[in-house]
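Construct all of the structure, not just a fragment, from the sequences and the given hints.
The sequence shown lines up with residues 2 to 179 when you count with our numbering.
Simulated from the structure, these hints should not be mistaken for laboratory data.
The reader is advised that the hints may include incorrect statements.
[To be verified] Just the calculated beta-carbon pair ranges, DEER-fashion:
# : residue 1 : residue 2 : range
1 : Asp23     : Ser99     : 30 to 40 angstroms
2 : Asn178    : Asp51     : 38 to 48 angstroms
3 : Gly75     : Arg100    : 13 to 23 angstroms
4 : Asp51     : Val108    : 15 to 25 angstroms
5 : Asn178    : Pro101    : 43 to 53 angstroms
6 : Thr161    : Gly130    : 22 to 32 angstroms
[Said to hold, decoys possible] Computed list of lysine-lysine pairs in DSS-like fashion (alpha-carbon distance at most 30 angstroms, straight line):
#  : residue 1 : residue 2
7  : Lys87     : Lys152
8  : Lys177    : Lys152
9  : Lys87     : Lys39
10 : Lys92     : Lys39
11 : Lys177    : Lys39
12 : Lys152    : Lys92
As the structure is a computational prediction, the values presented were derived from the model and not from experiment.
Heads up, the beta-carbon is just placed ideally off N, CA and C, and yes, glycines get one too.
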Amino acid sequence: KLFHIICCPINIITFINIAYGDGKIFVPRGTQTETGRKIYLIAYDADTLDQLFVTSSISDSGAQIQSCVFYNDGYIYCGPRIQNGKYAAFKTTDLDPSRPDEVVEPVWTIVTDTNLGIGTNAGPAFVNGACIFPDQGSRTNGSVIRSVNAKTGDLIDSITLPVNEVVTSTIVYYPKNN
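Shown next as structure tokens:
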């Protein structure tokens with residue numbers, strides 16, 4: 002059953018990076034509506050594969066979640082690759098176990114203000130309570146790497162890379178040299 006969830010076509014999502022945490026599996030999903038494509042995550046119980054809840058849509062404009070979906074300390078993080086894409090954090094708590102269609106809102110979102118949003122395979126690093134993540138940048142600007150409070154989304158610091166310098170991988174922290 003798990004193999005089926007991971008490998009079956011998931012309604013217009015072609016980049017599928019799932020995450021595991023708190024006994025749950027988080028799977029990106031896309032649904033076409035009359036007003037556009039909505040993208041969100043579905044949380045499944047890792048033991049029974051029962052659906053627990055869905056997140057609210059991260060984008061209503063035809064995007065896909067191409068970034069890595071990451072779990073850290075009771076939260077999941079991801080973002081779409083689309084103009085002005087939002088990077089979002091959701092708590093992993095199932096607030097109403099009686100409703101598998103319960104919609105969980107993000108704890109915080111940050112609009113990237115780029116024409117490509119969050120890039121393919123881009124993922125965050127977590128250091129001392131901070132979530133450090135890149136956006137995809139653009140042809141005229143490099144990626145912006147932001148450090149935010151992982152639980153509130155409050156900006157700690159950011160750096161814009163030189164023109165055409167774009168991050169397309171997960172940020173990695175090496176504690177030995179900080």
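Taking the hints in turn, this is what the structure says about them:
no., hint, result
1, Asp23 / Ser99: 30 to 40 angstroms, "19 angstroms, violated"
2, Asn178 / Asp51: 38 to 48 angstroms, "44 angstroms, holds"
3, Gly75 / Arg100: 13 to 23 angstroms, "20 angstroms, holds"
4, Asp51 / Val108: 15 to 25 angstroms, "24 angstroms, holds"
5, Asn178 / Pro101: 43 to 53 angstroms, "46 angstroms, holds"
6, Thr161 / Gly130: 22 to 32 angstroms, "23 angstroms, holds"
7, Lys87 / Lys152, "16 angstroms, holds"
8, Lys177 / Lys152, "25 angstroms, holds"
9, Lys87 / Lys39, "13 angstroms, holds"
10, Lys92 / Lys39, "20 angstroms, holds"
11, Lys177 / Lys39, "41 angstroms, violated"
12, Lys152 / Lys92, "9 angstroms, holds"
When held up to the earlier numbered hints, the structure conflicts with 1, 11 and fits the remainder.
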